[in-house]
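Read top to bottom, the protein sequences are chains A and C. Quick note: the first sequence uses the working numbering, first residue 1, plus one each step. Quick note: the second sequence uses the working numbering, first residue 1, plus one each step.
Treat the hints with caution; some may be incorrect.
[Unchecked claim] Listed next, the in silico SDA-like pairs over lysine to any residue satisfying Cα-Cα at most 25 Å (straight line):
no., chain 1, residue 1, chain 2, residue 2
1, C, K81, A, N3
2, C, K81, A, E65
3, C, K81, A, L268
4, C, K343, C, D383
5, C, K216, A, L335
6, A, K232, C, D383
7, A, K352, C, P277
8, A, K232, C, A30
[What the hints assert, rightly or not] Counterexamples of contact, computed for chain C against chain A with all Cβ distances above 12 Å:
no., residue
9, R80
10, A356
11, A360
12, E459
Hints in this document: simulated from the structure, not taken from any laboratory. Remember, predicted model here, so these are calculated numbers, not experimental data. Cβ coordinates follow ideal geometry from the N, Cα and C atoms, glycine included.
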Amino acid sequence: MHNKSIAELAKGLRSGEFSSLELTTAFLDRIKRHTGLNAYITVAEELALEQAKAADARLAKGSAELLTGIPIAQKDIFCTDGVKTSCGSKMLDNFIAPYDATVVEKFNDAGAVMLGKLNMDEFAMGSSNETSYYGAVKNPWDVNTVPGGSSGGSAAAVAARLAVCATGTDTGGSIRQPAALCGITGLKPTYGRVSRYGMIAYASSLDQGGPMTHSAEDAAIMLQTMAGFDDKDSTSVDLPVPDYSVGLSRSLEGLKIGLPKEFFGEGLNADVAATIEAAIEEYRKLGAKVTEVSMPSLRLAIPAYYVIAPAECSANLSRFDGVRFGYRCENPADLTDLYTRSRGEGFGKEVKRRILMGTYALSAGYYDAYYIKAQKIRRLISDDFKRALSEVDVMMGPVTPSTAFGIGEKIGNPIEMYLSDIYTIAINLAGVPAMSVPAGFAKGLPVGLQIIGNYFTEDRLLNIAHQYQQVTNWHQSAPKGFE
Amino acid sequence: MNSQWETVIGLEIHAQLATKSKIFSGASTAYGAEPNTQACAVDLGLPGVLPVLNEDAVRKAVVFGMAIEAHIAPYSVFARKNYFYPDLPKGYQISQMELPIVGIGHLDIEVDGVSKRIGITRAHLEEDAGKSLHEDFHGLTGIDLNRAGTPLLEIVSEPEMSSAKEAVAYMRKLHELVRYLGICDGNMQEGSFRCDANVSVRPKGQKEFGTRAEIKNINSFKFVEKAINHEIERQIELIESGGKVVQETRLYDSDKDETRSMRSKEEANDYRYFPDPDLLPVLIDEDFKAQIKAQLPELPQAKKLRFKADYNLDEESATLLTSSRQMADYFEAVVKESACEAKICANWMTGDLLAALNKADLEITDSPVSHERLSGLLKRISDDTISGKIAKQVFEEMWQGTDTADQIIEAKGLKQITDTGAIEAIIDKIIADNQDQVEQYRSGKDKVFGFFVGQVMKEMQGKANPGEVNKMLKAKLK
Numbered sequence: 001m002h003n004k005s006i007a008e009l010a011k012g013l014r015s016g017e018f019s020s021l022e023l024t025t026a027f028l029d030r031i032k033r034h035t036g037l038n039a040y041i042t043v044a045e046e047l048a049l050e051q052a053k054a055a056d057a058r059l060a061k062g063s064a065e066l067l068t069g070i071p072i073a074q075k076d077i078f079c080t081d082g083v084k085t086s087c088g089s090k091m092l093d094n095f096i097a098p099y100d101a102t103v104v105e106k107f108n109d110a111g112a113v114m115l116g117k118l119n120m121d122e123f124a125m126g127s128s129n130e131t132s133y134y135g136a137v138k139n140p141w142d143v144n145t146v147p148g149g150s151s152g153g154s155a156a157a158v159a160a161r162l163a164v165c166a167t168g169t170d171t172g173g174s175i176r177q178p179a180a181l182c183g184i185t186g187l188k189p190t191y192g193r194v195s196r197y198g199m200i201a202y203a204s205s206l207d208q209g210g211p212m213t214h215s216a217e218d219a220a221i222m223l224q225t226m227a228g229f230d231d232k233d234s235t236s237v238d239l240p241v242p243d244y245s246v247g248l249s250r251s252l253e254g255l256k257i258g259l260p261k262e263f264f265g266e267g268l269n270a271d272v273a274a275t276i277e278a279a280i281e282e283y284r285k286l287g288a289k290v291t292e293v294s295m296p297s298l299r300l301a302i303p304a305y306y307v308i309a310p311a312e313c314s315a316n317l318s319r320f321d322g323v324r325f326g327y328r329c330e331n332p333a334d335l336t337d338l339y340t341r342s343r344g345e346g347f348g349k350e351v352k353r354r355i356l357m358g359t360y361a362l363s364a365g366y367y368d369a370y371y372i373k374a375q376k377i378r379r380l381i382s383d384d385f386k387r388a389l390s391e392v393d394v395m396m397g398p399v400t401p402s403t404a405f406g407i408g409e410k411i412g413n414p415i416e417m418y419l420s421d422i423y424t425i426a427i428n429l430a431g432v433p434a435m436s437v438p439a440g441f442a443k444g445l446p447v448g449l450q451i452i453g454n455y456f457t458e459d460r461l462l463n464i465a466h467q468y469q470q471v472t473n474w475h476q477s478a479p480k481g482f483e
Numbered sequence: 001m002n003s004q005w006e007t008v009i010g011l012e013i014h015a016q017l018a019t020k021s022k023i024f025s026g027a028s029t030a031y032g033a034e035p036n037t038q039a040c041a042v043d044l045g046l047p048g049v050l051p052v053l054n055e056d057a058v059r060k061a062v063v064f065g066m067a068i069e070a071h072i073a074p075y076s077v078f079a080r081k082n083y084f085y086p087d088l089p090k091g092y093q094i095s096q097m098e099l100p101i102v103g104i105g106h107l108d109i110e111v112d113g114v115s116k117r118i119g120i121t122r123a124h125l126e127e128d129a130g131k132s133l134h135e136d137f138h139g140l141t142g143i144d145l146n147r148a149g150t151p152l153l154e155i156v157s158e159p160e161m162s163s164a165k166e167a168v169a170y171m172r173k174l175h176e177l178v179r180y181l182g183i184c185d186g187n188m189q190e191g192s193f194r195c196d197a198n199v200s201v202r203p204k205g206q207k208e209f210g211t212r213a214e215i216k217n218i219n220s221f222k223f224v225e226k227a228i229n230h231e232i233e234r235q236i237e238l239i240e241s242g243g244k245v246v247q248e249t250r251l252y253d254s255d256k257d258e259t260r261s262m263r264s265k266e267e268a269n270d271y272r273y274f275p276d277p278d279l280l281p282v283l284i285d286e287d288f289k290a291q292i293k294a295q296l297p298e299l300p301q302a303k304k305l306r307f308k309a310d311y312n313l314d315e316e317s318a319t320l321l322t323s324s325r326q327m328a329d330y331f332e333a334v335v336k337e338s339a340c341e342a343k344i345c346a347n348w349m350t351g352d353l354l355a356a357l358n359k360a361d362l363e364i365t366d367s368p369v370s371h372e373r374l375s376g377l378l379k380r381i382s383d384d385t386i387s388g389k390i391a392k393q394v395f396e397e398m399w400q401g402t403d404t405a406d407q408i409i410e411a412k413g414l415k416q417i418t419d420t421g422a423i424e425a426i427i428d429k430i431i432a433d434n435q436d437q438v439e440q441y442r443s444g445k446d447k448v449f450g451f452f453v454g455q456v457m458k459e460m461q462g463k464a465n466p467g468e469v470n471k472m473l474k475a476k477l478k
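Isolated chain A, as found in the complex (with noise of 0.2 Å):
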């Protein structure tokens, strides 16, 4: 059953060939089977068997839609009411969220099942999911390597079969960059294609949430549930949401693929080039047309970004104060001894050297310096996807420069750290679209294709991924021991 696409899930709900509470029990048994993974932060067994019931009753009734009680799971980000939403913190260690996440509201309406709350890097700040408060995640493809993060937990859940399918959130890579190290389908929406209320926020003017799933037909329908405007999101655009099942199917004859000079320069791997070259090989197969686009702005990408988030998470990380929910120290002094030391326990070191680095770009003398700058570098990167995107109807590349790295390898060198989302941070800056695709592996570890789109072309994305999909099944592949 865990291997089966949620089309085929839904299938044998609807035959009878299974139930939704033998299809939650059997993943709910997966998930304490490989705990190892430390995928979870919170299995909410008895919610998930609960809503089981619901949609089992629902399929009876005949008013099912296509996800009732199909089993999911949400990144720990997202709120959901009366179950803990830590957010991978300490500071939030307590915190029994009131109220549904506009992301978790529809999945409940659509009759999904909730298996728990996934493991993140920490307020979402993490390329590897080791700045968790609750320990790192494992790679399911070789568990002495990271997952990838922030959306870690999510990308090894569903690529070892403890999910169908899971949210993630994509601030510079978060969701593509764990989909392509776990070998999983990810896919990073327009900037306000999905509702960001009961998301808790990292950097707002880039947060997107986001389907994590096997195929890119899955990812098709959870994005269906996901996307739409949002009255209680300014951010949210009010566009109509396309059908994205419908166009999966459409012929790649005359695609325009550009393939950015940018991405495939030093510090790729040769075995990640290798298989990136192979993946256009087989979209050239599929009649697309290649050519080189450049993004001469790309080298500002991760300068820009880490003056720009960290300005953002410093103001919205400021209501984590101990006064109203989360942790507070033990036998505060005064106010500053409060707020000092609840502060001061309650976040990580990832955490609080970034809103160091984001007070410090928004202190007076250095605002324009550093804010005003990276904004305007901002604006460039975004020119240069408009004009490549204008030639040329998507552009391809790698998500990562290497596949899944080794735990504790990185996590002292933040800087380092910081240079692995060289290739996903700008399409959050410039706000497109952009999936990771398992395109292969390197040495035994997933490889994942990025297809970078023109705004609100999800549908094109996927459909584009789902195509090769079709004569590939790299996304198929199982890790050792989650067959």
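Fit chain C to the given chain A structure using the hints.
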């Protein structure tokens, strides 16, 4: 005040906008609820929540901008003002910094008959913080977030006022204006209209400004005047005794009538303003402005001029009757309903009605005598049913109870007697009984005429039509 010194004052006024819900959430803004019962997830700053701008707050800010003939920004931006305080749930206040919604405008004030134009630098939208309650918690502090997220319009003046008197005049004028526009209830006790004053002094003739001190949260007209005057004195004394004014924030203590230092410039927060990424820029197009302009109420100055012209009122009455929109509306309703001469309506309002209201410490909106009832009374004066003197008696009765003028006139038999036969009989009797006075009158002592009128009225318990009595007496005494 020492004449060698010149004072420079600028005011920052925080007006709470009278919207039903908060500026970024759907929670109610009503005052006085149980603590924390009007704070929703957004107001509490829970993880994951997002602000959504209340269009009515924007509308009210634009209404204000138009009333002060200001530039309305087609593109304005909300920014985060970062500082930690327990009653500031998010650790930042959503405000506007570089691109406020209302740009340069002005307000004309009048002090001792001289009018002066005060520049308004800007007005911007922001959210209010909650309240810290330091009493009743045994050394701890309570937080009430009901007020958190209430929309504020911060109105910043140019440093163009040169006395406490001018500052008060400006504040009063602004207070009158926002209430007129219906954008703020102006309730100063409840903190709906608050004032910070920037005060500095400089030797007369000097161009550069002196170092200023900011006096925070002075919440009555009386205290503004006192606080500013006190601060001017303090600064002059300080400089004259060889000291230097330091840039700082000071708090006015109304009990001791003094200001004291709250924090110096060095201790001031670096607010690290930056555009709020959760909110889109506010775009205001010509259509929106035209729509608001069409709904803009008549402004106090224009109304006053119209009252003078259309109703032939003097300056004093016109000023009084346009001092609030409700007062002016009451007046116009009375003129219309009573069909009385406007001047008589005005006299009744500025006289008996206002005196009674002042005595009872009531606003016109809470007047026990509605405009319908006052109109009913004035109608009976103009159609000669009662005299002005009797009318005062009827008004007294109306103030105490709920009866209409007609009911009171009827019940008390106050109807004026216009029956000439009845009046004639009384006159004849009075003339017969007072032959001495008749002699005096006929020998040219005109003053005695009043005596006859008085006697007749007394005999008729004031109900005789005075015009008729005069006419007939004159004829009989010839």
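Results of checking the hints against the structure:
{"no.": "1", "hint": "K81(C) - N3(A)", "verdict": "50 Å, violated"}
{"no.": "2", "hint": "K81(C) - E65(A)", "verdict": "45 Å, violated"}
{"no.": "3", "hint": "K81(C) - L268(A)", "verdict": "42 Å, violated"}
{"no.": "4", "hint": "K343(C) - D383(C)", "verdict": "16 Å, holds"}
{"no.": "5", "hint": "K216(C) - L335(A)", "verdict": "22 Å, holds"}
{"no.": "6", "hint": "K232(A) - D383(C)", "verdict": "62 Å, violated"}
{"no.": "7", "hint": "K352(A) - P277(C)", "verdict": "21 Å, holds"}
{"no.": "8", "hint": "K232(A) - A30(C)", "verdict": "22 Å, holds"}
{"no.": "9", "hint": "R80", "verdict": "5 Å, violated"}
{"no.": "10", "hint": "A356", "verdict": "50 Å, holds"}
{"no.": "11", "hint": "A360", "verdict": "45 Å, holds"}
{"no.": "12", "hint": "E459", "verdict": "78 Å, holds"}
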